[in-house]
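Those protein sequences? They're chains A and B, same order as listed.
Going letter by letter, the first sequence gives residues 1 to 328 in the numbering used here.
Going letter by letter, the second sequence gives residues 1001 to 1650 in the numbering used here.
Just so you know, the hints here were simulated from the structure itself, not pulled from any lab data.
It cannot be assumed that every hint is accurate.
Claimed, not checked - Covered stretches of chain B, as calculated for chain A (at least 3 residues, CB under 8 Å):
#1 1143 to 1149
#2 1153 to 1161
#3 1219 to 1232
#4 1247 to 1255
In this text, all values refer to a predicted model and were calculated from it rather than measured experimentally.
Backbone N, C-alpha and C define an ideal beta-carbon position, used for all residues, glycine too.
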Amino acid sequence: MPYDAPRQFHALAGLTTALAVLLFCAQALAAPLKKAVLIPQWEPQAQFAGYYVALAKGFYAAEGVDMRILRGGPGSPPSVELRQGRAQFGTFFLPTAIRERANGLPLVNLAQFVPHSNQLLIARKADGIASPADLDGRRVSFWGPEFRLAPEALLARHGARVAEIPQGYTVDLFLRGGVAACSAMRYNEYHAIINAGLDPDELTVFAMAEHGLDLPEDGLYALEDLWRSDPDLCRAVARASVQGWRYAFDHPDEALSIVMSHVSAAHLPTNRMHQQWMLAQLRQAMTAGGPLAAPLDRAGYEAAAAALAQAGLIAATPDFEAFHGDRR
Amino acid sequence: MATGADVRPRRGLAFKLAVCILTGATAIFAATFAYYYHSSKEMLLRSVRENARNLLRGSVARLEIHLSGVERIPRYLAGELGRRTPDPAELERSLAEFLAASPDVYGTAAAYAPGAFSPERQRFAPYFCRKDNQAARVPLGYEDRYELENWYLVPKELGRPVWSEPYFDEAGGDIVMTTYSVPFFRTEGSRRVFLGVVTADVSLDWLRRQVARVAMFHSGYAFLVSGNGVYVSHPDNRLIMRESVFSLAEQAGSPELRAIGRRMVRGEEGFARLPDFVLGKPAWLAFAPMAVAGWSMGVIVPEDELFADLARLGREVGLLGAGGFLVLLAVITAIAASITRPLSRLAATAAKIARGDLDTPVPVAGAGDEVGLLSRSLERMRLALKDYIADLTATTKAKERLESELKIARNIQMSFLPKRFPPFPEITAFELHADLTPAREVGGDLYDFFLVGPDRLLFLVGDVSGKGVPAALFMAVAKTLVKGIAEQESDPAEILAKVNRELCVDNESLLFVTMFLAILDFSTGELAFSNAGHNPPARIAPDGTVSWLALPRGVFLGIMEDAVYRTQRVPLAPGEKLLAFTDGVTEAMNPDDELFGAKRLRDVLAKGAAFPPELLDAAIMEAVRAFAGDAEQADDITVLTILYRGTQKP
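With the rest of the complex left out, here is chain A (with noise of 0.2 Å):
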């Protein structure tokens, strides 16, 4: 029978799973599993498809922490969400959660996910604009303050003074031709406005990092005192992530269908396509530069407080050892 092969394959799967269940069911009596609660600091997407796939694969459990991951969003900052006590740990911009630790909320650093900057400014060739110096005198849609700090000092640089304009949750003003430039990250908005009928060579994209303005980005954090209070949790949930992550850039597929049932689950106006390219751009700024989840380098932790500092954002740099959790 050719069917016998892959059956006794299939049961020797199923017995190892019930194996591994049984194992996670002993360790889970012999310790009870510690709670914990994750908010991502924006919607369900595919930037945060590694702690979706963590605690849909059961990562968490297995590190014996009882995960659960609260909706993101605009109503909903990490900051606030971990100052209220809602959540445990957040992500985090870099420069977000050093100006967060500068102003009063000791985060600290789990875990450096995206080690590059994925932030551009984003022009149509057909308004003129092939340099950032033809931004002068143009409107240009920015995010918050420490999402202006690369765009603002890249059109210092070049001497542009523009019209600030802000910059809502979607590229919609752009689109409609109400702003000159928008910002954008390169896997989502980017591909937003290729979906949106634009074709790439109608477009001017400046990227930060190509002009020296690569500022980390996405990072795990948890405030100091559960740092200090429950290291082996704090420790436990950046690795199950990081596990989260290499089985969503092995699995994509599966990754993406775990990020799109959070995703209809918050009715949001984004399809699986949108998700794929996403995740393809986490996966290349994840992992191009050297391995997952490297530690937080200190350059690109200064050269991010310095730009705060320079832009008045915060008045002191946050001691990196104390920033940084776990600096081996």
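With the hints as your guide, set chain B onto chain A.
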């Protein structure tokens, strides 16, 4: 020999005819049909394009009336709010009334810019929506941060009313919607100061119901895409708000669909062939812009429905063609059969004729056509052949009869000649041998010898003019006469004279005979001889010398009644030979028409001088035969040799 009539040709005329005509007819039909089908398709496509454009323009206009209706009150409210800021209760009443008066609107809000409503309220954004068919004030859910929402930010920054991209409003409405937002401003001198926006939410479900009324053909459907290509309305709910023309194009890796999407979001009007993956089958898309909302409406029609009538017609024409094909096949078969059946019968008859059966009449087919002509010709041929064969049979019979007569005549001729050698074994004084080789037809040579006394031997050689039975009979008569007369006469000349006289009587056929006649007294060796126009015999002396016997003159027997013949006498020495022969020897011809001649005879005689008569005769016959080769023997050849031994006893 002829093959049987039942052997049928492997690819008959009918088959070839049918193949040629049907192939030709099918090719013409197929080409015509293909042209017709293609042209009809083009024509149909043009008309569908026209219809779709009209339908789309009509539908767009109808939908725009609805949307314009939705737009009216927010525009009015925005104007009012720009002129005067009402108190909260009044504003809320206005919103509630607007909602009550506009069944197409799902919800409405007036969202003020921070601090714009009143100094004590940082933000103010009352929102009403339908709850259980009642206008109800519900919290937005994000009263503290609506400035970054598209429905607020985009009209504010653009400074004009905007229909938003579709989105899910989870706080207030809990439905998928699009929002029409009108910004309102306070005019301060020449400057407009932004105060806020008035919005009207339209449920995409409501929009979908409106769009669903647009139908084309059976399963053709309409859809709406936003200015970014995102589905605002589509029969498939899963696409609405989430997917765009471009995401579908990306998913399918279809630059064609992306190109169509770009045309749609640019506000073009068009008609395009959709990639097959969209419907899973060939389909066409007509699209037209909706100026009011900045959207585009598309109508998708599956090609099979577009061309359903044409396809049905095509099937019918195909069936008709197939039917025509069958009819044509039947007609060709019938025609071919009407041609080939008589041909086959003719062939069968011809085969019978070839086998020799000439009694079967040729079937007469087709009165005036070529087959009729052929069968009549064949019938004439049969009759002619039959007559000819009848003639031939008769002729052959006659010839056979004649030949049998000739055979009889020859038998008669030969039976007259003595054929027993040695003829007189008891007589040793001479030795005699004669031989006659008849020509193919009965000739007239003769020889004879008999004793006419105790010591006297008569012998003769003659040659009757002419051939055949008359010559044979004439010869028989001559021989019989010689024999009869020799009993009374002993002088050769007298014998010849009497024979001549007898032969001349009633010789109506004017035949004649030459003859050398001699009587040998073998006791003395004296040879008495006479001649009637015969050629001289040869003498071979005992020493082998060959000479010609000089003959007295005398005419042929049977011509002149009073002809005179003389007798001469010569003594034969013992051992001497005399050889009498007919001109068949000297006048024998070879294939080169040369005569054997006296000289060759003489050489043969000189060579065979010592031979006994029998061998000598055989040598002469052999020499003549060798000389003549393949040439046909024209005349009888006769030799008669006598060797005189003398009386002395050995």
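Taking the hints in turn, this is what the structure says about them:
Counting residues of the region 1143 to 1149 of chain B whose beta carbon lies closer than 8 Å to any beta carbon of chain A gives 4, which meets the minimum of three for the stated coverage. Requiring three or more residues with a Cβ within less than 8 Å of a Cβ of chain A, the coverage given for the region 1153 to 1161 of chain B holds, as 4 such residues are present. Here's how the region 1219 to 1232 of chain B fares: 4 of its residues keep a CB closer than 8 Å to some CB of chain A, so the rule of at least three is met and the hint holds. Counting residues of the region 1247 to 1255 of chain B whose beta-carbon sits less than 8 Å from any beta-carbon of chain A gives 3, enough to reach three: the coverage restraint holds.
Figure legend: structure checked against the earlier numbered hints; every hint is met.
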